[in-house]
Each structure stands twice: as C-alpha cells, then as structure tokens.
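A.B. asks: Numbering of the sequence shown is given in UniProt numbering, commencing with residue 1 and proceeding in unit increments.
None of these hints come from the bench; they were simulated from the model.
Remember, predicted model here, so these are calculated numbers, not experimental data.
Check before you lean on any hint, since a few could be wrong.
The calculated lysine to aspartate or glutamate pairs, modelled on DMTMM-like cross-linking and capped at a C-alpha distance of 25 Å, are [as the list claims (entries may be wrong)]:
{"no.": "1", "residue 1": "Lys-44", "residue 2": "Glu-154"}
{"no.": "2", "residue 1": "Lys-240", "residue 2": "Asp-14"}
{"no.": "3", "residue 1": "Lys-44", "residue 2": "Glu-181"}
{"no.": "4", "residue 1": "Lys-237", "residue 2": "Asp-207"}
{"no.": "5", "residue 1": "Lys-215", "residue 2": "Glu-89"}
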Amino acid sequence: MCELLAMSANVPTDICFSFAGLMQRGGNTGPHKDGWGVTFYEGKGCRSFKDPMPSAESKIAQLVTDYPIKSESVICHIRQANSGAVCLENTHPFVRQLWGKNWTYAHNGQLKNFIEALTVEHHIPVGTTDSEHAFCWLLDQLYITFGRTQPAPEVLFNFIADHAQQINQLGVFNLILSDGESLFAFCSNNLHWITRRAPFGQAQLIDADIVVDFKQETNSTDIVTVIATQPLTNNEKWHKMEAGQWHVFNRGLCVFGSPT
Numbered sequence: 001m002c003e004l005l006a007m008s009a010n011v012p013t014d015i016c017f018s019f020a021g022l023m024q025r026g027g028n029t030g031p032h033k034d035g036w037g038v039t040f041y042e043g044k045g046c047r048s049f050k051d052p053m054p055s056a057e058s059k060i061a062q063l064v065t066d067y068p069i070k071s072e073s074v075i076c077h078i079r080q081a082n083s084g085a086v087c088l089e090n091t092h093p094f095v096r097q098l099w100g101k102n103w104t105y106a107h108n109g110q111l112k113n114f115i116e117a118l119t120v121e122h123h124i125p126v127g128t129t130d131s132e133h134a135f136c137w138l139l140d141q142l143y144i145t146f147g148r149t150q151p152a153p154e155v156l157f158n159f160i161a162d163h164a165q166q167i168n169q170l171g172v173f174n175l176i177l178s179d180g181e182s183l184f185a186f187c188s189n190n191l192h193w194i195t196r197r198a199p200f201g202q203a204q205l206i207d208a209d210i211v212v213d214f215k216q217e218t219n220s221t222d223i224v225t226v227i228a229t230q231p232l233t234n235n236e237k238w239h240k241m242e243a244g245q246w247h248v249f250n251r252g253l254c255v256f257g258s259p260t
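Could you build the full structure based on these sequences and the hints that come with them?
C.D. replies: Here it is in structure tokens:
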C-alpha cells in the first residue's frame, strides 16, 4: 500500500529531513514507485508538487528535498497503485475547495465497492482512484450537512471521524486531511506520530544516511508534530495509533481526538 507523511507546526518549518527519508521508500528502500506528491500551506494558499514517477528517481522530488519550503501544515504521499492507472490525475494528495479553504487529502489503503457505497453528487472525481472518490464523497457529506457555513472544529472533526469510520468498513482507510489550520489523522491499521519540542536532540533517518541535530535547527518554543505510516527515524520514540483512533493537530499540538 501507499505511505503517508504529514506535519503540523507552530512556526513555519521545512520538512526536508522527513521528506528525504520518505522519498527513498518510493522505489529505492520501498516498493511505492507509482508516484508521489506533497502540498505545503502558506497562509490561505497552498502549493502542490506531484509526479507519477517514483519519488526516489524524481527530479521534482529532489527539488523539494533541496529547497526548504517552510510551512505550518504539510501533507505528503507516495503511491503503490491498487486502484486507478499510474498517472498525474490519480496522484495524491488531492486538493479541493470548501468554505473558502483549500482542503488537502491523502489516503493509504484499499476500498471495495466504493462507487456503489459512496454516491457522489456535488464533488465529482477527476481521476479513477478509490481514494479521490472517498474524498469527494466526504466533501459531499460535509456540504449537504453544513451547507455554506463551516461548523466549529470539534463538531466538524467528530463528523469527519464518524464518516471515516463508515468508509473504513469498505476496506483499509488511513487518512490525512487538512484545511491549512488543523490536521486530521485517522488510523485504520497503521499510522504513527511524534511531537518534537524542547529539549531537542538528534534524529537518524532509517532510509538514508542522514542525521540532524534539531537543537541547531530550532528555537526553544518550536513545536513540530510529524505523522507517518511507518516511523522515519530509528532513535526516537514514535506513538503508534490504534485501529479506529483519530487525532486533530493544530500548531504542532494534539488538540483533541478519540481516547488514547
């Protein structure tokens, strides 16, 4: 299956270190060779980079690794295709507008009978993946239920969690979703996270011979949470989410979610 990576931070932060590790899993240390993508938020705007090429071989991925784009919210995805052809329109993350915000979505897993079970009306998929179809269905449910006004965060994300559970009945549905302010993570079977804050230390990537000393890269007030399908470092303690568990992160902190 695919792999996910996301970041929530209280200050604009680059994700070059984590992305360098994830990129290697796209056709080098891992089998996820069917494309990759990343979305960075900057205020109300966002910029996305996508490539149906393996990330370990992609010149665009190398550019992202070398160019320290700073953001408070980032979503990345490397694809191992199981639904839909390998092409740009089927490459995650997917971005759609709702309530005057850019919503970014990435999914790890596989869904059965999704066209019949998840009828879409207002948000029509561009590509042919189960992932994008589920995203469009979720946006439909939000629009049908709440109309033109975004509800309070706890109401909103409890609603999304309930519908993520419903989608999860169709197969495997690990989800990362963001509106640029909050970052929502739902675990179907495999999702990990780590929050880095003072006192900072060193971290060693699993998939590349890279070590970073975060004491030299951060301020004492910085808070950065990274979410990934599998841990990216081998000398830090990552938290493994349980099946059906979900969290909402804002400015690097877990602000609410299902019981731990």
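A.B. asks: Next, verify each hint and record whether it holds.
C.D. replies: Evaluated hints:
For the hint linking Lys-44 to Glu-154, the alpha-carbon distance of about 21 Å falls within 25 Å, and the restraint holds. Between Lys-240 and Asp-14 the CA atoms are separated by roughly 23 Å; this keeps the pair inside 25 Å, and the hint holds. For the suggested pair Lys-44 and Glu-181, the alpha carbons sit about 9 Å apart, so the restraint of at most 25 Å is met. Note on Lys-237 and Asp-207: the hinted pairing holds, with a Cα-Cα distance of about 17 Å set against a maximum of 25 Å.
Distance check on the hinted pair: Lys-215 and Glu-89 sit about 40 Å apart at the alpha-carbon level, beyond 25 Å; violated.
Hint check: a violation occurs at hint 5 only; the rest are consistent with the structure.
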